[in-house]
Structure formats: C-alpha cells, structure tokens
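Those sequence lines, one after another, are chains E and S. With the working numbering applied, the first sequence covers 1 to 253. With the working numbering applied, the second sequence covers 1 to 239.
Worth double-checking, as some hints may not be accurate.
[Claimed, not checked] Among chain S residues calculated to face chain E with C-beta under 7 Å, some are:
#1 Arg60
#2 Leu75
#3 Phe89
#4 Ser174
#5 Leu192
#6 Ala194
#7 Pro196
#8 Leu213
#9 Pro216
#10 Ile222
#11 Gln223
#12 Leu225
#13 Gln228
#14 Gly229
#15 Leu233
#16 His237
Keep in mind the hints are simulated off the structure, nothing from the lab. A virtual CB, placed ideally from N, CA and C, is assigned to each residue, including glycine.
These are the residues of each chain, in order.
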Amino acid sequence: MWRGDVRPAALLISCMLISGFYFSLRETTLADYRQLFKDPNFSDSLFLSFYVASTSTILSLLLGLLFARVAAKHMFRGHALAVPLFVPHIGAAYLALLYLSDVPIIAPHEASHVSLILTYVYKELPFIFFYLTPVYTRIDRHYLELAGMFGLPRHKRLWLGEGIFLFVPVLEVALIVFAFILFSYEVPALLGVTQPKMLGVYAYELYTTGDLSSQPVALASTVVVTFFFLFIVAGFAWILRPFRLRLTRGIGR
Amino acid sequence: MRRRWLEIILWLLIAAPLIFLLRHGLSFEDRIVSTFGTTLSMTCVVIMLNLLLAYPAGKRIALHDGRATHLFELLISLPLFTPIILISFGLYFGFIRTGLSDTFLGVALVLLLPTLPYSVRMFANGFSAIGEAMLEQMVNFVPGRVRRFFLLTGPMLESTIQSVVLFVTVITISQYALVTLVGGGVVRMISLEAFPLFSDNDREAGRAIVWMLLLPAMLYGIQRLLFQGWKYLLRRHLG
Numbered sequence: 001m002w003r004g005d006v007r008p009a010a011l012l013i014s015c016m017l018i019s020g021f022y023f024s025l026r027e028t029t030l031a032d033y034r035q036l037f038k039d040p041n042f043s044d045s046l047f048l049s050f051y052v053a054s055t056s057t058i059l060s061l062l063l064g065l066l067f068a069r070v071a072a073k074h075m076f077r078g079h080a081l082a083v084p085l086f087v088p089h090i091g092a093a094y095l096a097l098l099y100l101s102d103v104p105i106i107a108p109h110e111a112s113h114v115s116l117i118l119t120y121v122y123k124e125l126p127f128i129f130f131y132l133t134p135v136y137t138r139i140d141r142h143y144l145e146l147a148g149m150f151g152l153p154r155h156k157r158l159w160l161g162e163g164i165f166l167f168v169p170v171l172e173v174a175l176i177v178f179a180f181i182l183f184s185y186e187v188p189a190l191l192g193v194t195q196p197k198m199l200g201v202y203a204y205e206l207y208t209t210g211d212l213s214s215q216p217v218a219l220a221s222t223v224v225v226t227f228f229f230l231f232i233v234a235g236f237a238w239i240l241r242p243f244r245l246r247l248t249r250g251i252g253r
Numbered sequence: 001m002r003r004r005w006l007e008i009i010l011w012l013l014i015a016a017p018l019i020f021l022l023r024h025g026l027s028f029e030d031r032i033v034s035t036f037g038t039t040l041s042m043t044c045v046v047i048m049l050n051l052l053l054a055y056p057a058g059k060r061i062a063l064h065d066g067r068a069t070h071l072f073e074l075l076i077s078l079p080l081f082t083p084i085i086l087i088s089f090g091l092y093f094g095f096i097r098t099g100l101s102d103t104f105l106g107v108a109l110v111l112l113l114p115t116l117p118y119s120v121r122m123f124a125n126g127f128s129a130i131g132e133a134m135l136e137q138m139v140n141f142v143p144g145r146v147r148r149f150f151l152l153t154g155p156m157l158e159s160t161i162q163s164v165v166l167f168v169t170v171i172t173i174s175q176y177a178l179v180t181l182v183g184g185g186v187v188r189m190i191s192l193e194a195f196p197l198f199s200d201n202d203r204e205a206g207r208a209i210v211w212m213l214l215l216p217a218m219l220y221g222i223q224r225l226l227f228q229g230w231k232y233l234l235r236r237h238l239g
C-alpha cells in the first residue's frame, strides 16, 4: 500500500510503554505510595523540576519565537542556531561545567540552578526555532494586512494576523520541551545540587542506589508522575480541540 | 548590516565554546575504540529502525485524516509526554522475561522511545510538504514502489532524512540512564565513558567530549556523502 502504515510504530511504542507501566504497577503496593508521599524529598524535587522546566521553556520559547519571527521576515537565516543541534545534551552540560564553573552565582552545583537553565536554553532554543520557523513562514501575510486595514490596535493585529496561527504549534512545542526537561536525568545529574534533586535524578537514585526495598518506591513514583502528567496533557488537548479543528478545517466550514 | 551583526554575534555565542575544546585532542585507547564501535553500530541500528518505522507512519499520518490514524498518531507521540526513564524501570522487568535485558537489541529498542516520536513527526511534515497531489502524480510516473523510492521519493525527502539522522544520533549518544538501566552496563556506549568523567570533573573528560561531538558531525557528513552519490547516480541514470 503506497499510503503508508502507522501500525508498526504505534504497536512497538505502545507495547513498550504499556509493559513498562504494567510492571511498575504490579511491583508496587499501597504502602509504597504512602511512603512516597511522606518523603519530603519527593515534593521538593517535584517543585524544583517544575521551576527549572518552566523557566527554561519560557525563556527558550520567547527567544525562539523572536528569532523565528526575524527569520520569517528574511532578515537572517539562522545557520548559527543549527550548531547546538549537533551537540548532545551531555556535551552541553559539560560545556556548562567547563565555562561556568568559576562564575559566582550561576555556576553548576549552585542552588540557583541558572547553569542548568542556561544549558537547556542553549539546547532547546534551536529546537524551538527550527520547529516554529516553517510555521511562521507559512502564515499568510494577508491576514496581517487585513487586520491593518480595519485599523485595529497593534496587539489585536498581531493576535489576529499571527497569534492565532501560532497558538497551537507554540503550545505543542512548549509542552514537548517542558516534558523533556521535567523528566530528564543526564543534565541535572551533572549540573544539579545534591539536595533537592530534579525528578529524574531523584527516581533514578532511588531505583539504583541503596537497598532493594526502595525500588518499589521508585516504581510508585513512575505511576504517580505518569498519571499526573498525562492528566495535564489530556487537559491541554481537551482545551485545544475546538481551536485545532477550526484552524485546520477553516472557520465556518 | 544589522542582519550581519546578528549573525556574527550568534556565531560567537554559540560556536565559540566548541572551538576551544579541540585543543584536547583525541585518544585512541583500546577501550575507547571498542566503546566507540558499539556506539557507532548502535546509532546506525537505531537510525535504520527509525527510518523503517517512521517512513510509513509519517506517510500515513500526512495522507490520512481518519479517527484511527489520529489515535495511532497520539499513541506514537505519547513517549514525548511520559517520563521514559521512569517507565524503563518497569520495562526492564518485561525485558528480563523476553530475554532482551542487557542486550544490544534491548537497548536499541528502548532508544526508540525517545527518538521515534520525533522521526514520525518529521516524516509526516516532509510528506505533507510534498503534498498528496504530487505523491499521486509520482505513482503515475513510476509505478514500481522500490524504483519510485529511489528515483523520486527518496531524493525529495532528503532534508527530512537529514534531520532524522541528526536528531536520532544526538539523542542516542547522550542517553546515559536508559543505556545503563536496560543495558545493565554490558552494552557500553560512549555516554557510559563520558558521564562519570564529567561528574568527577576529570581532566580526561575533554577527550571523551571531543569524541561525542565528532560523532554527530561524522554521521551527518557520511549521510551527506551518501545522498551526493545517490543524486549523482540518479543524474547519470536520467541523463
């Protein structure tokens, strides 16, 4: 069939996700969840992860949007921004260790986590840029002109001419980047402080170090965090649904 | 003028840190070389699996609008929104049962979780950029499926395949937690060498990083060469 097939990829992915989730669920008891919720380190790491992930996402999103806007108006092509795409995340973390270690407040292993955020901006800004630039260039300029013709104020003009079309892709890429940072292990393990830890580091260390009795607690954290985040994503999807349909099918059709 | 300054400042900010690293030089110890071999073959296998699975999936998503396709698309993008490292704890139990734990294949499969969603998205974008009308026209031109791929579809998807190769390489070589959890330390990738060195702030770390930075550039270059050869053959075939 020349029209392709999604099933092999979907089957493979869902098999792995479901078996991972199933075994996490099976190996845990209610007591493990109670222990997880009693652990103050868990809530600390949740807060820290949300703080780091949201700051880095917002920063790289703002800069990425700005650059994409400039690029779409053909003022620059952004070849330089492709360089971080060639740098693995661990490599970027090492760059931060190498160059930021002597700077007072923003150095790695400082409680401010600025070096962590900067590393993520370095890596994710290009991703967002290359995700949004095609979207920006595809927007029909006539909408902006039309809004101008009606003499609308600047913010309304931008929203109706560009904002509406960017809304869904921006939220999509923001959510991808946010989830990626929220659950990552390598970069925060290299740049973070010993206490509190980011979510990925917290769970990984609970699982690998110490005695076997803490393993079920790590598995419990899998179940809790997965449910929690999928709930958020489902909420977003529900809010965006009418929006998305209207945009792709065209208003009034 | 303003545009040029913007470019120059960006280049300095982004690329300069990398240039200073090159003074560390490369090391060719046996262990590093064998780790490098594993990393290279793992990356190639993951790239191949990605291309094989994402190509038809992206095509279907770009050309179909059915409810089932949307559902499958959602399933494929789920790993982007789930904590994969945490899922891999449980997945390891499943892999023990199927004999995939601590094996090359098991690690290759688990590395599909963070890479395949991106690849499928890229292929879907690539196919929708070509467009359904054009694809139908191509079927009329060259009816044979394999021939059509080599003559038309492949070269037209060049930029998509390039980005997939780059993305998969970069993600694959920077996974430490997934490779240690599922590979059990038996499957040794370059990140397993680099990570402990980085966390101890070792002076040797510079060497590992040079290897890590070279690999994506190398694979990208190889892929560029392959495409050049492909297009050269194509031109000779047509001309």
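Hint-by-hint comparison with the structure:
no.	hint	result
1	Arg60	holds (4 Å)
2	Leu75	holds (5 Å)
3	Phe89	holds (5 Å)
4	Ser174	holds (3 Å)
5	Leu192	violated (11 Å)
6	Ala194	holds (6 Å)
7	Pro196	violated (10 Å)
8	Leu213	holds (6 Å)
9	Pro216	holds (5 Å)
10	Ile222	violated (14 Å)
11	Gln223	violated (13 Å)
12	Leu225	violated (17 Å)
13	Gln228	violated (19 Å)
14	Gly229	violated (22 Å)
15	Leu233	violated (23 Å)
16	His237	violated (22 Å)
Checked against the numbered hints above, the structure breaks hints 5, 7, 10, 11, 12, 13, 14, 15 and 16 and satisfies the rest.
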